[in-house]
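Student: Sequence:
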Amino acid sequence: MKEETAKTDAKNKSPLNSTEEEAETGEVESTEDNRTKIDFYKFGKISINGKVFTKDLIIFPDGIIFPWIRKTGHLLVADDISEYLDNRIKTLIIGTGYYGFMRIDESLKDFLKQRKIDFVYRKTQEAVTFYNDLENKENIAFGMHLTC
Numbered sequence: 001m002k003e004e005t006a007k008t009d010a011k012n013k014s015p016l017n018s019t020e021e022e023a024e025t026g027e028v029e030s031t032e033d034n035r036t037k038i039d040f041y042k043f044g045k046i047s048i049n050g051k052v053f054t055k056d057l058i059i060f061p062d063g064i065i066f067p068w069i070r071k072t073g074h075l076l077v078a079d080d081i082s083e084y085l086d087n088r089i090k091t092l093i094i095g096t097g098y099y100g101f102m103r104i105d106e107s108l109k110d111f112l113k114q115r116k117i118d119f120v121y122r123k124t125q126e127a128v129t130f131y132n133d134l135e136n137k138e139n140i141a142f143g144m145h146l147t148c
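Okay, so the sequence shown: first residue is 1 according to the working numbering, each after it adds one.
Derived from the structure by calculation, the hints contain no laboratory data. We put the beta carbon where it would ideally sit given N, CA and C, even for glycine. Any given hint could turn out to be false.
[Said to hold, decoys possible] Computed list of lysine-lysine pairs in DSSO-like fashion (alpha-carbon distance at most 30 angstroms, straight line):
# : residue 1 : residue 2
1 : 42        : 137
2 : 37        : 109
3 : 90        : 116
4 : 123       : 90
5 : 37        : 123
6 : 123       : 45
7 : 90        : 55
[Unchecked claim] Estimated spans, in silico, between C-beta atoms of each pair:
#  : residue 1 : residue 2 : range
8  : 42        : 82        : 27 to 33 angstroms
9  : 71        : 114       : 28 to 34 angstroms
10 : 110       : 74        : 15 to 21 angstroms
11 : 75        : 114       : 29 to 35 angstroms
12 : 88        : 148       : 27 to 33 angstroms
13 : 40        : 83        : 26 to 32 angstroms
14 : 35        : 86        : 25 to 31 angstroms
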């Protein structure tokens, strides 16, 4: 059975609590003011606003796509993310894994350049730090590979 990926407007959901609880497949949550904060990241595990995720995901201003399933696990191509990027996204951040093993295909770079979307990719821990340091996350999408 194929896992469904969900993306819905999270504005009407209650904020995540501060206790650590594991997210369910396809669950989309964010805080009331859409200020997503990554609590911690370690190999294969990330906590966002107090909720733990153990599969790759994408953070948007209004929620999270979980799990984020790509065609090829360690190669990111335009088709893996293009359907999720609407006109409000101005910057895409990608965490390429704990060791940085996920490669970025030229098709993605070309697609983003065509759409005038800024692109930042780093090992996932470095990308998490970069994301958390941003003051305004309103037009940011952040995709993360959590393992290697």
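Student: Each of the hints needs a verdict: does it hold here or not?
Tutor: Here is what the structure says about each hint:
Restraint check: the Cα-Cα separation between residue 42 and residue 137 comes to about 22 angstroms, which is no more than 30 angstroms; the hinted pair holds. Of the pairs offered as hints, the one joining residue 37 and residue 109 holds, with about 27 angstroms between alpha carbons and a cut-off of 30 angstroms not exceeded. At roughly 7 angstroms between alpha-carbon atoms, residue 90 and residue 116 fall within 30 angstroms of each other, so this suggested pair holds. Proximity of residue 123 to residue 90 is assessed by CA-CA distance (about 21 angstroms); at most 30 angstroms being required, the pair is judged to hold.
The suggested pairing of residue 37 with residue 123 holds, with an alpha-carbon distance near 18 angstroms, which does not exceed 30 angstroms. This hinted pair checks out: residue 123 and residue 45 have alpha carbons roughly 14 angstroms apart, not beyond 30 angstroms. Under the criterion of a C-alpha separation no larger than 30 angstroms, the hint pairing residue 90 with residue 55 is consistent with the structure, at around 25 angstroms. Residue 42 and residue 82 have their C-beta atoms about 29 angstroms apart, which keeps the hinted 27 to 33 angstroms range intact.
The hinted window of 28 to 34 angstroms between residue 71 and residue 114 is violated, with their beta carbons roughly 20 angstroms apart. The supplied range of 15 to 21 angstroms is met by residue 110 and residue 74, whose beta-carbon atoms lie about 20 angstroms from each other. Separation of residue 75 from residue 114 is about 20 angstroms and departs from the stated range, judged on CB atoms against 29 to 35 angstroms. For residue 88 paired with residue 148, a C-beta distance near 31 angstroms keeps the hint of 27 to 33 angstroms intact.
A hinted range of 26 to 32 angstroms holds for the C-beta pair residue 40 and residue 83, which are about 29 angstroms apart. Take residue 35 and residue 86: their Cβ atoms lie about 20 angstroms apart, and the range 25 to 31 angstroms is violated.
Of the hints listed earlier, those the structure fails to meet are numbers 9, 11 and 14, in rising order.
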